[in-house]
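J.: Sequence:
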Amino acid sequence: MLDPPLRRITYGAINDQLRFPAVLRTAPGVHHQVEAMVQLMLHFRWNGILVLPSSDDYGRGNSQLLSERLAHCDICIAFQETLPMPQPDQTMTQQEPERLEAIVGKLQQSVARAVAVFSPDLALFDFFREVLRQNFTGAVWIASESWAIDPVLHHLTQLQRTGTFLGTTTQSVPIPGFSEFRVRRSQVSRPALNRSSLGATCNQECDTCMNTTESFNSILTLSGERVVYSVYSAIYAVAHAPQNLLGCNQTGCHKEVVYPWQLLPEIWKVNFTLLGHQIFFNEQGDLSLKLEVIQWQWHLSQNPFQSIASYQPSKRQLKDICDISWHTPNSTVSSQEGIPVSMCSKDCQPGQKKKPAGIHPCCFECIDCLSGTFLNRVTGEFDCQPCPSYEWSRRKDTSCFKRQLAFLEWHEAPTITVVVLAALGFLSTLAILIIFWRQFQTPMVCSAGGPVCFLMLTPQLMAYMVVPVYTPPTRLRLLVRYHGPYVFVAFITVLKTVMVGSSILAVTTNPTARTDPDDPKIMTLSCNPSYHQGLLINTSLDLLVSMLGFGFTCIGKELPTNYYEAKFITFCMTFYFTSSVFLCAFMSAYEGVLVTILDLLVTVLHLLGITLGYFGPKCYMILFYLERNTPAYFNSMIQGYTMGRD
153 MLDPPLRRIT YGAINDQLRF PAVLRTAPGV HHQVEAMVQL MLHFRWNGIL VLPSSDDYGR
213 GNSQLLSERL AHCDICIAFQ ETLPMPQPDQ TMTQQEPERL EAIVGKLQQS VARAVAVFSP
273 DLALFDFFRE VLRQNFTGAV WIASESWAID PVLHHLTQLQ RTGTFLGTTT QSVPIPGFSE
333 FRVRRSQVSR PALNRSSLGA TCNQECDTCM NTTESFNSIL TLSGERVVYS VYSAIYAVAH
393 APQNLLGCNQ TGCHKEVVYP WQLLPEIWKV NFTLLGHQIF FNEQGDLSLK LEVIQWQWHL
453 SQNPFQSIAS YQPSKRQLKD ICDISWHTPN STVSSQEGIP VSMCSKDCQP GQKKKPAGIH
513 PCCFECIDCL SGTFLNRVTG EFDCQPCPSY EWSRRKDTSC FKRQLAFLEW HEAPTITVVV
573 LAALGFLSTL AILIIFWRQF QTPMVCSAGG PVCFLMLTPQ LMAYMVVPVY TPPTRLRLLV
633 RYHGPYVFVA FITVLKTVMV GSSILAVTTN PTARTDPDDP KIMTLSCNPS YHQGLLINTS
693 LDLLVSMLGF GFTCIGKELP TNYYEAKFIT FCMTFYFTSS VFLCAFMSAY EGVLVTILDL
753 LVTVLHLLGI TLGYFGPKCY MILFYLERNT PAYFNSMIQG YTMGRD
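Numbering (this note's numbering), first residue to last: 153 to 798.
What the hints contain is simulated information worked out from the structure, not anything from laboratory work.
Mimicking DSSO-like on lysine-lysine, the simulated pairs with C-alpha atoms at most 30 Å apart in a straight line are:
1. Lys507 <-> Lys548
2. Lys421 <-> Lys467
3. Lys506 <-> Lys554
4. Lys421 <-> Lys442
5. Lys548 <-> Lys498
6. Lys498 <-> Lys258
Restraint ranges, calculated between C-beta atoms of paired labels, are given here:
7. Gln414 <-> Phe333: 32 to 38 Å
8. Asp671 <-> Ala575: 27 to 33 Å
9. Leu582 <-> Asp671: 36 to 42 Å
10. Phe738 <-> Gln593: 43 to 49 Å
11. Phe738 <-> Tyr772: 30 to 36 Å
12. Trp420 <-> Phe277: 37 to 43 Å
13. Thr425 <-> Gln247: 48 to 54 Å
14. Pro394 <-> Lys467: 32 to 38 Å
15. Thr550 <-> Asp472: 42 to 48 Å
16. Pro672 <-> Glu564: 20 to 26 Å
Remember, predicted model here, so these are calculated numbers, not experimental data. Just so you know, even glycine gets a beta-carbon here, dropped at the ideal spot from N, CA and C.
Let the hints inform the model, and build the full structure from the sequences given.
T.: Dropping the structure here:
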């Protein structure tokens, strides 16, 4: 047992400088091992990896260093699971097999294929047996130094089926004659010893140990004897420190008392060359030796751990990178062109945005962009941009397209129907106007209203002429529609000419686009963004007026038959009322392109109702019952009405 204050030198088994400040290591520091792994991931462009640390200090510490290092580069940890540590005799508890089965199941489901494993070899035998049992193949296993050159794990049956094995380890430095020394037997024949008791030989003679060492000599030699050089350099460092402390030279040493606390400063100062390599400790208490990236081989009869790259801690980069034979999921071996892809998430398809999953930017879910939105990869891949008001897009579109402008053509059936009705209404109103003008002095025209009839018929005649104006709105049409009265007043009133002209020039009115509710790819143009509300209010007002007119006809004073117009007004108002109710109900439930044509149709029907329902019977009497369109007939009707009241 060493006294606790005594300074120690180890070959890399202890790395925590805070917990073991007096321990130096004859191996590169663990942070260099982690950096070599990160450089390997960056070289092969693996932006998503899996991390499997053991449940001991070694696994937790190394995985923490890796997580901190990956936070500064574009590499994400898809998930991290802790491997259970078995007992020293490799027995497992009841929960540990279930735990290993769950971990391998998650590996199967992940799209990442690069797996960094920080664990002693003791915890890996049961794990890789479970990997083989579930037939998990095609992975890239990145081994830490603790098991990167483990010969026993390398000989696990059919392990090569699980994928490609890479690892970081110390540089191979051959020690001349060490292999022969390891298996050397004493040439002097030894007498038979009584080994009845377990400790009879004091562990100095062990034929079984010698045979075991000789059987493993070949693979230990081919693996490069990397650990051997670390132990070898540790022994030399221990030897150089007291030699320097005692001031030894070729003739002898100073015979002074040396205390344990004096040894540590001298160990920090050692600097010597051993087998062509400079041995000295850096600020972290490690040797600045090169690391090697090795690949496990099974088809080569010479070296099972072939070096494929080197890592220089001072330059923090990989050098001399060789081609790698990748073991693909179908257990075949591919060349350098078949580099496995390892990512946290699969690339999204065009028209899909990325939804972050976790804290890493390269771990995400792919969400389809909805209709009316598109994905612009220039501005960002995490948000779908809305289309402009005049454009639309389908689901998963990468750009918007212009909405199809929908309006009724003149050759379509609804338009032709309205035009024919409007033409009939215009001609019938014109005919009535001519008849009333020619029969102006007759009693029938006088009873219908006389001059007031022309005041009613002339606007109706002009109202029918509004039908051709219902075309796709343009800037000019809207200007005339909204500001036409001002222009007309300007021509009549000279005083208002300048003011109205300025108003026309100052106000700009553009058509407003509205989306068809049945088909979002279609849009319609409207003169007013609140067209439906205005039309609904206007129609409601007409509906109210028609109801009032209908009511007045019912409560009106009884008149002579020729002057009693209640039945005609009732017919007109009933027709007006019914069509207005239908229009209001239709507009409340539908906002498509048919609203405009229905509005126009109802307007024409209103005019036809007034024209034919009120003036039609008058013209019928004028044209076919001439004897009833005389003053004598009207006087007789008035006399009969008067006598009847008496």
